[in-house]
Every structure is written in structure tokens, then in C-alpha cells.
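Trainee: Here the structure of chain A is known, so what remains is to put chain B in place on it, guided by the hints.
There are 2 protein chains.
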Amino acid sequence: MSLWRDYAPELVTDLYEFTMAASYLKEGMSGEATFSLFVREYPENRAYFVSAGLEQLIDTICALRFSEESINYLSSLHKFAQEFLEALRRYRFTGTIRAIPEGRIFFCQEPLLEVTAPIFEAQIIETLAMNVLQTETLLTSKAARCIQAARGKPLVDFGLRRTQGVDAGVKAARAGYLVGFAGTSNLLAGKLYDIPVFGTMAHSYVTSFPHEMDSFLAFVRAFPENTVLLIDTYDTLRGAEKALEVARILEAEGRRLMAVRLDSGDLCSLSKEVRRIFRKGGYPGIQIMASGSLDEYRIEQLLAGGAEIDSFAVGTRVVVSADAPYLDMAYKLTEYDGRPILKLSRGKTTWVGRKQAYRRYDAGGRMIEDVLGTAGADREEGEPLLEEVMKGGERVRPPETLREIRARFAREWETLPLPCRKTVAPKLYPVQIAPALARLQEETVRMRLREEVGQNS
Amino acid sequence: MSLWRDYAPELVTDLYEFTMAASYLKEGMSGEATFSLFVREYPENRAYFVSAGLEQLIDTICALRFSEESINYLSSLHKFAQEFLEALRRYRFTGTIRAIPEGRIFFCQEPLLEVTAPIFEAQIIETLAMNVLQTETLLTSKAARCIQAARGKPLVDFGLRRTQGVDAGVKAARAGYLVGFAGTSNLLAGKLYDIPVFGTMAHSYVTSFPHEMDSFLAFVRAFPENTVLLIDTYDTLRGAEKALEVARILEAEGRRLMAVRLDSGDLCSLSKEVRRIFRKGGYPGIQIMASGSLDEYRIEQLLAGGAEIDSFAVGTRVVVSADAPYLDMAYKLTEYDGRPILKLSRGKTTWVGRKQAYRRYDAGGRMIEDVLGTAGADREEGEPLLEEVMKGGERVRPPETLREIRARFAREWETLPLPCRKTVAPKLYPVQIAPALARLQEETVRMRLREEVGQNS
Chain A
103 MSLWRDYAPE
113 LVTDLYEFTM
123 AASYLKEGMS
133 GEATFSLFVR
143 EYPENRAYFV
153 SAGLEQLIDT
163 ICALRFSEES
173 INYLSSLHKF
183 AQEFLEALRR
193 YRFTGTIRAI
203 PEGRIFFCQE
213 PLLEVTAPIF
223 EAQIIETLAM
233 NVLQTETLLT
243 SKAARCIQAA
253 RGKPLVDFGL
263 RRTQGVDAGV
273 KAARAGYLVG
283 FAGTSNLLAG
293 KLYDIPVFGT
303 MAHSYVTSFP
313 HEMDSFLAFV
323 RAFPENTVLL
333 IDTYDTLRGA
343 EKALEVARIL
353 EAEGRRLMAV
363 RLDSGDLCSL
373 SKEVRRIFRK
383 GGYPGIQIMA
393 SGSLDEYRIE
403 QLLAGGAEID
413 SFAVGTRVVV
423 SADAPYLDMA
433 YKLTEYDGRP
443 ILKLSRGKTT
453 WVGRKQAYRR
463 YDAGGRMIED
473 VLGTAGADRE
483 EGEPLLEEVM
493 KGGERVRPPE
503 TLREIRARFA
513 REWETLPLPC
523 RKTVAPKLYP
533 VQIAPALARL
543 QEETVRMRLR
553 EEVGQNS
Chain B
103 MSLWRDYAPE
113 LVTDLYEFTM
123 AASYLKEGMS
133 GEATFSLFVR
143 EYPENRAYFV
153 SAGLEQLIDT
163 ICALRFSEES
173 INYLSSLHKF
183 AQEFLEALRR
193 YRFTGTIRAI
203 PEGRIFFCQE
213 PLLEVTAPIF
223 EAQIIETLAM
233 NVLQTETLLT
243 SKAARCIQAA
253 RGKPLVDFGL
263 RRTQGVDAGV
273 KAARAGYLVG
283 FAGTSNLLAG
293 KLYDIPVFGT
303 MAHSYVTSFP
313 HEMDSFLAFV
323 RAFPENTVLL
333 IDTYDTLRGA
343 EKALEVARIL
353 EAEGRRLMAV
363 RLDSGDLCSL
373 SKEVRRIFRK
383 GGYPGIQIMA
393 SGSLDEYRIE
403 QLLAGGAEID
413 SFAVGTRVVV
423 SADAPYLDMA
433 YKLTEYDGRP
443 ILKLSRGKTT
453 WVGRKQAYRR
463 YDAGGRMIED
473 VLGTAGADRE
483 EGEPLLEEVM
493 KGGERVRPPE
503 TLREIRARFA
513 REWETLPLPC
523 RKTVAPKLYP
533 VQIAPALARL
543 QEETVRMRLR
553 EEVGQNS
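Chains as they are written, first to last, in this note's numbering: chain A, 103 to 559; chain B, 103 to 559.
I should point out that these hints are in silico values taken from the structure, not numbers from a laboratory. There could be a bad hint or two in this list.
Since the list can't tell identical chains apart, any single copy or any two copies may satisfy a pair.
[Claimed, not checked] No farther apart than 27 Å at their CA atoms in a straight line, the calculated lysine-lysine pairs in the BS3-like style are these:
| id | residue 1 | residue 2 |
| --- | --- | --- |
| 1 | K255 | K524 |
| 2 | K450 | K374 |
| 3 | K529 | K374 |
| 4 | K128 | K529 |
| 5 | K493 | K255 |
| 6 | K255 | K181 |
| 7 | K524 | K382 |
| 8 | K128 | K255 |
| 9 | K382 | K529 |
| 10 | K181 | K128 |
| 11 | K181 | K524 |
| 12 | K255 | K382 |
| 13 | K493 | K524 |
Bear in mind that the values here come from a model prediction, so they are computed numbers and not experimental data.
Looking at chain A on its own, in the form it has when it is part of the complex (with noise of 0.2 Å):
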């Protein structure tokens, strides 16, 4: 049976991506190509996305070779000409790529990356391109949506067990970690991102000893320093006596309890109830942590409801984005061979060309509004968002680190205005078109209808 460490890069790639380039070499179409990949629709409650997935991504496509063992795979489906497999043999990525940083705010319509490369090496990457940034940005926007809720209140990462599988288990610990969470659970991400892990017990650990009582007098045998108790396997609030009961042992060892952690019941009112024992009990300081099944819409709730809760761990709500599960991402040809592209559909406009998103901010420092123009054109007023990071096949910049990403995207939420960051029904953030791109969009659509439908307008 398969594991992860058996997933060969080139391969996670649709087939049609494969016969496409086989039908592009044999036609000796090697034109260049503009490939735009953006988000095309909001899903509910949500009004903006934080760009994540970027590193990976280029690190992966600088990489991607096709080892003996897939072109013989590939080979073996007899679809494909030898031709064919040799130009896969050879492949190299030769292009450019412009993409919005990691951490950075971006909106829909916006391209998040555009790919300019002969058109076989930019149609070979979709699939991978359109995994990595849809699985990261969709994490990583949904973690954002926690810190607003949180109010400042550290947020930590239990997800792992209920990710889509392992590699969305480790993205989504590096998406909290991005837009601020303390920490993760996940040590495999703690280990590859460098991002503090945390964790302490389960209720199968209380249950194994005899007397709830034990198991915690055994675990600070263990950890004495920075202790967490489970204090809800039994009743929490006799747990909470208990923990009272493991507090003072400390004490009179100079040291101290620091936190206990409520997994279930009603939070709210349980930690309240928790808080007063500890208050009554003389020791105020010890924090209480809440967990199972909180998300955003749960962490806003909670505190509106007056909850003593000092940090909240979070899981598989958020870890699959639950209230929305996937974005509506489209990686679309806007340009081939210096000639604009685009597909008419109903519903599901898709700008041609070669793009630029600029940002326009007011004298605070807070956006006000994006533009959306073509690349070639004038410099639209404002602050372009993409960014060339590959040139001629290589990276034109060193890697970025996660802590680095993290940096930018704490500076980049002060910016974002507040309605558009609200939990539920928040205010959509203003793109406007370029005039020029408009231009170009509706002769383009005028010539399409004209040739492919046979409408004169």
C-alpha cells in the first residue's frame, strides 16, 4: 500500500494535462502562454484570502523532473508517443511566474499567481499549482477568520487526526502558525516549520489510572513544569477541585499549575463555574484552556458570552474549513502567444491578459481599494501585489521563511479594514477594473462571439 513518500511531484497532475501538451508539441505549438490562477467566487461569510502555499510551490516546480519510473508508468497507459515521453524526459520549467507574497491579503478576480512559460510547461503544472495554493489558502484564510474571533487570545492547533489526510494536516498547522496561532499539536509541522508544539494529555490518559486524581499527580511527576489537566473525563467540576487539590501540592514544591483544559459541556458556563473554584480556592492565575469542536463562529460566541476562557485550541472545523470546504479556484489561459484568451461562460468572468492588482491605501495606512489592470499597461495608481519570484526557470529571491511570512501578514491585517473581517456577513472589499482592461475584455469577448458564435454585435 502507498504512502505519502511514494507521491512523485510530477505525477500529481490530471491527464488531460498530459494530452493537451501531447497535442501541443505535435502541433508545434510553442508559443508562449499566460496562465492566471485566481479565485473566482467568495464563499459565504468570507470577503477576503490570505495567499499561502507560494514557497512550496516553487520550490516543487523548480524541482519537478520525470524519473524513469513515471515516464515508464506513463508509458505503459499507450496513449502517448515517444516523442512525447523524450520532451518529458527533458522537462525543465523555463518560465516566469508573478505571485502575491504568502501573507499578504488578496481578493477575488485577483490573480494570486500568473504562470508565463512555452505553453506545454505552464499546462503541465495546473493541477499541482492549483492543489498546493487552494489546499494552503483555504487553511490559512480559514485560521485567519480564528484570530479575528479570538480577540488576542492565543489559538493553538489540535487538528492533525481530522485533516483531509496528512498533507493537509501539516499545511494546516504552517496556516495557524502564519496568521498568528501559538502553536500546533502536530509535531511532524512543529519538526519541517519550526513552529512551537504543544499537547499534554488525553482523556484515554485519565482513564487509565485507577482514580482521576492519580493520573493527574503522575503527569506532573512527568511534567512538572507548564502542566495542563484534562478536568472534564469525569465532571469538570469536581475536576476542577481536583486540579485545586494538584495546585497547592505544587505550591508547597515551589511550583505552580498552569493551565487546565475543558474538552466538553458547555463551555461558557463550565468555565465560569471553573474560574470561581479556582478564585474561591485562592489561586485566580491558573488558566483555563477550552477545546472540541471550536471554530471561529464558536470563539466569537463564547467570548460574547463572557466566557473565562484564556486560549482556545481548535480542530476539525477549522482543519477543513468546514463551513467551506474548498474555493472556487480557476488557474485559466489569459494569453498565448500575444494574443488575449478567454473562455465565455455564463457566470464566470475571466479577465484576459496579463494582470497586475494594485492597492490603493489612505493616509492611515488602511486599504481602501484594489485595481485590477493589465500588466503591460501604464502603471495604475498604487501598490502592485504581484510579485516576480521565478525567472527563466530559477527563483529571482531566496526562499521565505514561515516566520517571515508571519511577520508580513501580522502587518498586512492591520491594514485590512475591519467589516471585512467580520465573522459573519462581512463588507466586500472594492476591485476595481482598469479601464484598459475592460478595453481589451470586451473587444475580446466581441471577436469571440463573432467567430465561435456567429453573433454580430
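Mentor: Coordinates of chain B only, in the frame set by chain A:
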């Protein structure tokens, strides 16, 4: 930046598995534990699950070792004693695993997996087991719903670009094939699991040519056999007329056009109009394939509306299980050192002890009810679902191929009552609790309430 190939399986773990294990070691707790993995509640519109993921899990557990690199990372956290790190260095899973084989139908509360091993060993694999089984069972159960909706028409998975990461992409393709899809667009899954691969062209291909007709002709030059033309790039009905022309050209060469694909618009009415064009043009046999935001609900609607669609390609909504993107799966300690174990928790029942699920059939071989009982008790009437798959840390039978599992599912599926298979508001299937298990549960609850909560009943 890290790629999935760097994902060390031994670190696919939440930190707390290791803090708990370190404490077990320190306390000398070497007793045998049984952990039971099950789904607590059905998501909306679900009344069954399809077991999947077991073969990968067993392979991973058999091979699970801690590399020096992973040990060094854990050591760098300054949380663990040398003794514990040494125990990880020596780690081998030596226990027993009983499980419901892949491709079988199971229900809430029934253990999909029971792990019996020294508690240290069994605790450490929790996160890994949950991630693997949750993902595959979730996606396979979703795919089965599409099989039900499609009424025998072929289904193909086109979802790789929208899965939550690459691991989920491979698992989604495997899930589809397991329940009877014709194949997948995913080349990686095609190679790893020997799944037939499908796919022809995208809109980008059509638009890269000066005219739609040029693209169709170029495609048949490269792939004259089994050609599928995508006809909705500019105008679906004009596209259908062009496809007719291609069919005539192919016929003159002694070939035939296999199919067209519709990917947008009102698929029901468009498919009927396209069929009319093909009939009128003398080619009623050109197949019509549909794609674009399809899932079991949409497929059911289309077929109910009389859509002239011969096959369906499903993507996004199916491969992320959009209407239910996670399962409420738990891995609970149910026995330690011969002692039945449970957690007292409102609304969340965990059945104590080692268990077995038994299935009863009517004379026609259709499932009537399951019985959840203790594994050690007198054998209940009915077919036991959990089989021993590992003993002494080794497989007790050879790995099963995906084709074998697919055949098992096909047989099993026929025995599941139709009302349970309904896409919307399915009938719940009865799972009885055996009297001996109910008694043991009651006694254990009473003891825990007395000892931990101070309640006398």
C-alpha cells in the same frame, strides 16, 4: 520548503501522545490496553459508512520506526527524558489489531478498529490511525453516495486540483475506484493503485487555438481513439455542431467520435439539446459526459430531470465531502490491564471493553440488524465483522489489493437495504446493544460515578 516526501510517519502525531507515553513509561505502566476507533454520530444525510484506509494503516504501523533525525527533533524540545527517547528508538508495534476489512459497510458505534497492545505502543499510533482511517472512510463513504445517485452510469473522479492536499487527492481517487467508479484523472493514483485514468482536454486547450474547430481537429490528430471533445468553451450548442463535423470527418477515416463533455450551464437542458443535435445529425451514439460542481445531489436531480447524460465526472464537492467534510471519529481507551474503561461525558457514549459487531441477514441475504457485543462473551448470532489483521505486531494475512476490496464492496453494497442508501434523509440501520455489554457498561458507569463524582445510585 517541505514536500510531502519529507513527512516522517513517526511524527504524524500530536505531542500529547508522547507526553502521555512518557508518563506511562515513568510510572511503569506496561499493562495491555485496548483502544477502540469508531464514529460517534452520522453527519447529515448519512446512515452508513464504508470501511477504508486499513491496508495503508497496517503497512505504516508495521514499518513504524523512529529515525535519529526524528529522535533529535524530539530531544530538542527539552520535554523528554533520555529514557523515553531510548524507548522510542526501540519502538516496534507488538500488539494485536482487529478491524472491519476495507470495503465493508459499518455503522455508528461499531468499532472500525480495535488495537490491543502495551499502552505505550497503542497510545502512540492514535493520531496516525485516526488521520488515515478518517480520511479514507470519509471520502469512500461520500463516493458510495455518488454510486447510488448515478444508477449504474459510469463515474470518474476529476477532483485532484481541489482536494485538501496531495495525500487526500490520492485517497479520493482510491475511494472512488473502491466503490465502483470507472476511474480517475489522477495519474499518481492511477500509477500507485492501478486505477484506469481518464481525461482529454480543458478550456485552456480550446482557447489556445485561433478557433474552437482548430482545437478539435488538432486533438483528433493526436488522439484519434476514444476522443472526448469539450464543447462548452464558447457556446455549447455551436460546440455540439462542431463536434458533429468532427464525427463526420472521423467516420470518413473509419473512426468514430466517442463523446463530448459539458462542463457549464444548465446541464439538464443542454444535454437534451445536444442529444437532439446529434440525433438529427445522424450520430445518436455520441456519448455525453457531464462535469462541473457535480455531486450525488446534483446527479440525482439531473437524472430525475431526464438529462441525456451518459457518464459523470465528479470533483470538488465529492473529493472534499463538501456537505460533511469530517467524521466524528474517536479513538478511545476501553480497557486497561483487564479493567473496563470509560469516560463520562454528556451525549458522547463510549462502549467499554473489547467488542465485536455481529451482522444479521434475512433469507434473501439482505442486512437486517447489527449487534454490538463484548468480544470475549458468548458469540452472538450473526456474522462477526471485526477480523484479526495484526498479531504480535505482524500481519496475519497478506495485504489486500484495491481490486479485491472493490469486489468486496460490490458484494456488500447489494446487501445494504435501499432505504439506508437514500441520498437525503436515509433510514437509520438498527444496531442493537448485546445485553452483556449493556450490563458491563452500566456497572462501569455506576462505579465511575461513585468514585469520581461522589454519586451513589
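Trainee: Of the numbered hints stated earlier in the document, which are not met by this structure?
Mentor: 3, 4, 5, 7, 8, 9, 11 and 13
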